[in-house]
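Peer 1: Chains as they are written, first to last, in this note's numbering: chain A, 1 to 424; chain B, 1001 to 1252.
Just to be clear, a hint being listed does not mean it is correct.
[As the list claims (entries may be wrong)] Lysine-lysine pairs mimicking DSSO-like chemistry, simulated, CA-CA at most 27 angstroms apart:
| no. | chain 1 | residue 1 | chain 2 | residue 2 |
| --- | --- | --- | --- | --- |
| 1 | B | 1216 | A | 171 |
| 2 | A | 161 | A | 182 |
| 3 | A | 232 | B | 1106 |
| 4 | B | 1168 | A | 175 |
| 5 | A | 232 | B | 1168 |
| 6 | A | 182 | B | 1216 |
| 7 | A | 171 | B | 1090 |
| 8 | B | 1216 | A | 175 |
| 9 | B | 1168 | A | 182 |
Derived by calculation from the structure, the hints in this document are not laboratory data.
If you're wondering where the values come from, they're calculated on a predicted model, not measured in any experiment.
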Amino acid sequence: MNVSSLTIAFTLAWRNLWRNYRRTLIMLLAIGLGVWAMVFMTAMMRGMVDGMLKDGIRALPGHVQIHHPNYLDDPSVANSIAEPQGTLLDALNHPQVDAWAMRVKVPAVISSERETRGVMLLGVDAAAELNLSFDISHITQGQFLPSLTEEELAVDVQAQKAAKGIVIGVKLAQKLETRLGKRIVVMTQDIDNTIVDRGFRIVGLYQSDIPGFEEMYVYSDRRLIQSMVGLKGQVSEIAINGDGYRDNQALLSHIANASPADMKVESWRQVDAYLSAMLEMMDGFVLVWIVVIFLALSFGLMNTLIMAVFERVREIGLMQALGMRSSGVMRMILIESLLLLLLGLAAGNICSLLSIAAIQDGIDVTAVAEGMAMFGAKAVLYPVLQYSDMLLANVVVIVLGLLTSLYPAWRAAHYDPIVALNKH
Amino acid sequence: MQHPMLALLASLLLFTTTGLQSAELTAKQIVHQSMEQWRGVSSESTMSMIIHRPDWQRTMTMRAWTQGDKLSLVRVTAPKKDVGNATLIKDNSMWSFAPKINRVIKIPSSMMSQGWMGSDFSNKDIGKSTDIVDQYQHRLIETLREGEHQVYVIESIPLEDAAVVWGKEVLQVRDDFVVKRHEFWDQDGELIKVMVASEIRPMGGRAVASRLRMAKVATPDQWTEMVTHQVAFDVALSPQIFTLSNLRNPRR
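Please model the entire structure based on the sequences and the hints provided.
Peer 2: Next up, the structure:
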């Protein structure tokens, strides 16, 4: 096969494409729309999941977590670790670490005059927690725990009161039929398994985009909870944030090298298996989505090409009679299909890039926010385009598209020239 | 102050000598004394618990032993299907034994707010009632006259960090230190539940609220009544009674 025969095949294919330009345009539109749907919708779904993941990881786990080796199996006060000291503390204050916070995290029972519910009681340092996980704008009423040092606290009576308070979710407050400023009782078990309880005044109410979160977690001061459950100088977990949640291997080993042998350092993937499963599922889902759209597209593509071949039976017979080999015919049809696919892909890619750029600031889906909140998505959707997804869509369309056109091309190449020439 | 008359005299003396400005101290003393009166240094009693619901009612008979305000044991003696069910309270922990499954269960914190043996008394009501003395700010709001008795009305407001959900509790204590009425108010000033002593009789050498009814204000046709048939105070009890092994295998 020389260059000139390829050029001829290419020219023939290109001209054939525009002989019935209406059909070609419709096909281009179909491919373009399909590719747009693949890329754009994938970006939207990525954006949704990304938002959920970011929120979810930000909410508590952090990118990397340190805890007692048995903590994940049995999250009780018995499985706690010492507050960070020495090398670990140095490692935590290293610039590689964005933010870190230690917490006491114990299952507890919260009761008001009318209702009782199970919750997870978090003893936190307000300043560290605001830095790492808690978004102050989520406070809808009252305030978060005061983030003051002990000296500042000693002079500020108002803050002292707030520091002994508790911050609970809006939904939990509704379930307990209580309000900001009222007292509730928190009951839990201390390190000797005896029941300890204490009254707290509600100093703040927060809301969360993550379903169930605000009914589950209540925040109080770390030292207060430590003395309540008898955990002096000990915490349940240390959550650490680095650059990004996807690639946390460097951070993981940085912390793991510095932490004592009796502590286990784990990525959020182990700590929150649900979130990590969601990310994996998303990767698989993107492929399925692209292939499904392509399947719908492929019928149109094959049909168009078969039609083009049927129309030109006599012509193909003539070319073969003049000496064109069947492989040349096949090549011509395949190039025609490839051109069609490439043009469609270009149109689709440009459209999707433009539409993603157009809604870069997010689209408001407040109208269906309630439904979205049920699986943890936000009311504003941001598209997140991953170039690997775009590449995947393009590769799938070209490879499967050419495979689909093999049949019409093979048919065209195997006409008997005599029969073909006599066809009317 | 084990003798009730002595206690009465002492507190009356306090009343007359200190007057109104130390009403708080007196109020606290009244509450303290009423708890002492109710439990004694030690006690042994037989009682019935009647659980009433709109469409059914059941009665359980039981024996109870108490020592100080930290130890108590209650064992069901009738009806037959409940015989042997027992509850032991030691400090702030609570265990229950069910002979049907032959298991001792430590009542976890999550169950402390649930009804004790299906009654309107919560596990907490049973286990921690003496905390009322220290965890509240007591104030005498008025003194009523009822026949030959004086009745002190005391408002008890829980301290800031007290493990109490109520906004306030109002106690009516007769001058012989029997709690006549115990009201539980929520933090919005709404009455939620009331315990009333509908019968007060002298028993074991002191006045005892022999019939106590607990009911929620919202559901007056659901109540639980504790009827004390017999009680002996300040009896010598072996420490062996308040053990887990005795909870499971009664020696007496």
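Peer 1: Give a verdict on every hint.
Peer 2: Each hint tested on the structure:
no.: 1; hint: B:1216 <-> A:171; verdict: 25 angstroms, holds
no.: 2; hint: A:161 <-> A:182; verdict: 13 angstroms, holds
no.: 3; hint: A:232 <-> B:1106; verdict: 25 angstroms, holds
no.: 4; hint: B:1168 <-> A:175; verdict: 22 angstroms, holds
no.: 5; hint: A:232 <-> B:1168; verdict: 33 angstroms, violated
no.: 6; hint: A:182 <-> B:1216; verdict: 21 angstroms, holds
no.: 7; hint: A:171 <-> B:1090; verdict: 36 angstroms, violated
no.: 8; hint: B:1216 <-> A:175; verdict: 19 angstroms, holds
no.: 9; hint: B:1168 <-> A:182; verdict: 12 angstroms, holds
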